[in-house]
Amino acid sequence: MITRASLIFLGALAAILMSFTALAVLPAAQLATIEPTPGTEEYYGPTRRGREVYVREGCVYCHSQQVRPPDFGADIERGWGQRGSLPGDYVYDYPHVMGTMRTGPDLHDIASRQPSADWHHAHLYNPRSVSPGSVMAPYPWLYRVVEVRGDGPDNAVPLPPEYAPGEGFAVIPTEEAEDLFAYLMTLKLEAVDTPASDAAGATE
Amino acid sequence: MSKRSERRARKQAARLDQRRDTYATGIDPVHGVWRDGVAPTNVATWRRDVDRHVRTPVVAFTLTAVFWLLVGTTFALIASFKFQYPDWMGETAAMTFGRVRPAHLNTMIWGWISPAGVAIAVWLWGRLLKTEVRHVWALNVSWVLWNIGVTVGTVGILAGYSQGIEWVEMPLAAFVFLVPALLLVAYSLLSTLRHRRVAHLYISVWYIGASLLWTPVLIVAILLPIYSGVPHATANWWFAHNILGLWLTPIGLGAAYYLIPKVVGRPIYSYHLSYLGFWTLALFYNWAGVHHLVGGPPPQWVVTVSIVFSVMMIIPVIIVGLNHHMTAFPRIKRVIWSPTLRFVVFGAVSYTVVSLQGAMQALRFWQEVTHFTHYTIAHSHIGVYAFVTMIAYGALYYLLPRVTGWEWKSKRLISLHFWTTAVGISLYIVGLTAGGVLQGFLMNNPDVPFMEIVETMKPFLWSRSIAGVLMTVGHLAFAYLVWEIVRKKGERPPGPVFFRQPPAGVYRMMTGADPDTGDGSAAHPVPAP
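So the protein sequences, as listed, match chains A and X.
The first sequence runs 1 to 204 under our numbering.
The second sequence runs 1 to 529 under our numbering.
Heads up, a few of these hints could be off.
[Claimed, not checked] Partial list, derived from the structure: chain A residues whose beta carbon lies under 8 Å from chain X:
#1 T37
#2 V91
#3 S112
#4 R113
#5 P161
[Claimed, not checked] Below 25 Å or equal to it, Euclidean Cα-Cα: the simulated SDA-like pairs (lysine to any residue) are:
#6 K458/X / E162/A
#7 K130/X / T3/A
#8 K188/A / K130/X
#9 K130/X / R4/A
#10 K188/A / N445/X
#11 K130/X / L10/A
No lab work stands behind these hints, which were simulated from the structure alone.
From the three backbone atoms N, C-alpha and C, an ideal C-beta is built for every residue, glycine too.
Using the sequences and the hints given, assemble the complete structure.
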């Protein structure tokens, strides 16, 4: 017997299934056959592990990875990318780390504007060592302090004296830091052959 | 006492007596007719029995909620102060901002407000269906699972096992406990529904019943391994927005729909409107989430659909607002004496504010400025804190004395709790909203270097931390009060705790005791009509 209560709840269930279909299933179906944009590659080895570090440390809470199209905001004028982000940039991303917050700058094209390993390692070890006034968290557990013997390690992170560990010691990246850097270097937006005004609507 | 107020009190008492008579004849003016046509001869005794019947699960879920409220508050303070002192605890991986912040969000959603919502829902269920809640064992098992789930989840996030999906950060192992816990609550409450002794389903039952179906669907749907990239982002925001809209909002609204008429002593403004409000919420709200990606890479139609539905949310919001405010405002002066009403009205007004704001800010021109800024953080705190949490406080102040048979220890502490949280959350919202808008304008001006924006935000982030400290004081007061009432410690107050003495007639209704003699022994079990 269909009671009033079951009618209410069936209706409620139908409502949520409709929106689930529209907002989760349909976009997945629509984008299932999308080609990755040039320069987008599957993550393996170091980049894969680096991405796991990025997710684990919650970088997404301060850094977005979506460059807005030219007529929406000033992302491109800021030099955060030469084009807006496209769905094809993300085909290999799980979990997605598009983010909705910019306490720090957008990172979707960080490899193009800051390719220096030294800079990234110093920044991750302590952001204020290269960017005074930054409120970013330091990640010293991705680095090791080692005693300097002879000429010192090749991969020592160059740090200003006030952040360096002291005379006779050097900071070197762990494998996780190298992986994270490798992942950051995959974040690059190459130019694609799309009309600029259509950047966000390319999949319509 | 003046002659006039005496006359008014006598009139009020007569009206209340009449209402008790209608209870005795089986016609309940608010909830309709008894299903079997027979009412218990002594409604008060019966109601007390139904209230006490769920004592164990309600108290257990409340204690869980308060415990995680304190844990979540600690995470909130740590996360907030890291903006001022980024190197503080900088050596500890588990305490880094990127882990503490999701730990805060998840303990608040799954540890504080969800168990508090379950406690409220369970208690309301007995009251509204006029029967004992069935399968209390399921609720007790659920409580155990719930605590294991939240513990596993919180420790998991701090230890670096986050799933990395916003609002679903807890590792899968946590949901292995949380989903069955939720299903057990749904099982207990929905089977109680089959044994209801009322012919009529009050609107709170609609909201809470529907949310008990929606939430497991939501969680299971987001955990399906069928997404990646852009579709994962749209599914993510469909989920995150709906946990607020289809889980916390219905419980908050359901509680307000019950408590406002109860405390002000008059029926809801328009009962027909409340149906419309329910269905429009059910049909519109769950489409709104993708406005979190306005200007981003999802297909334009998905974003547009979400914006349209976000704007359509104006309809349920205005309806619910009309119903709540038109019921409360004619007797709004009662917030002077009723702790419950004060919290619930604060929450109900916040619902109107947050939802109208949400409907407007989905628009593209608004998102262009406020997206990616602290404005969004302020908005979500109006929803989860100023609206749902404040109503939950009000509801717990109302139900715990009835469930435990004891009274709140101190009206001063309740007052402290109200003012610190109300002022704290207001400061929080004003600071971050203003800061966020400024941040957005600066970010859209390419001539302003990014580091200058970071510097400009610092005073606003300070206001957030100060607001957080204020709210923490309130939470400590609340936790102490809950602990004392559950342990039934100290001398029992001579009657219900009001901020001020209510009018004689109202006092008599609430307590069954004479306001002049203040006979406390009758404080809760109202004598037979």
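Quick rundown of the hints versus the structure:
no.	hint	result
1	T37	violated (10 Å)
2	V91	holds (5 Å)
3	S112	violated (16 Å)
4	R113	violated (12 Å)
5	P161	violated (17 Å)
6	K458/X / E162/A	holds (23 Å)
7	K130/X / T3/A	holds (18 Å)
8	K188/A / K130/X	violated (62 Å)
9	K130/X / R4/A	holds (18 Å)
10	K188/A / N445/X	holds (23 Å)
11	K130/X / L10/A	holds (23 Å)
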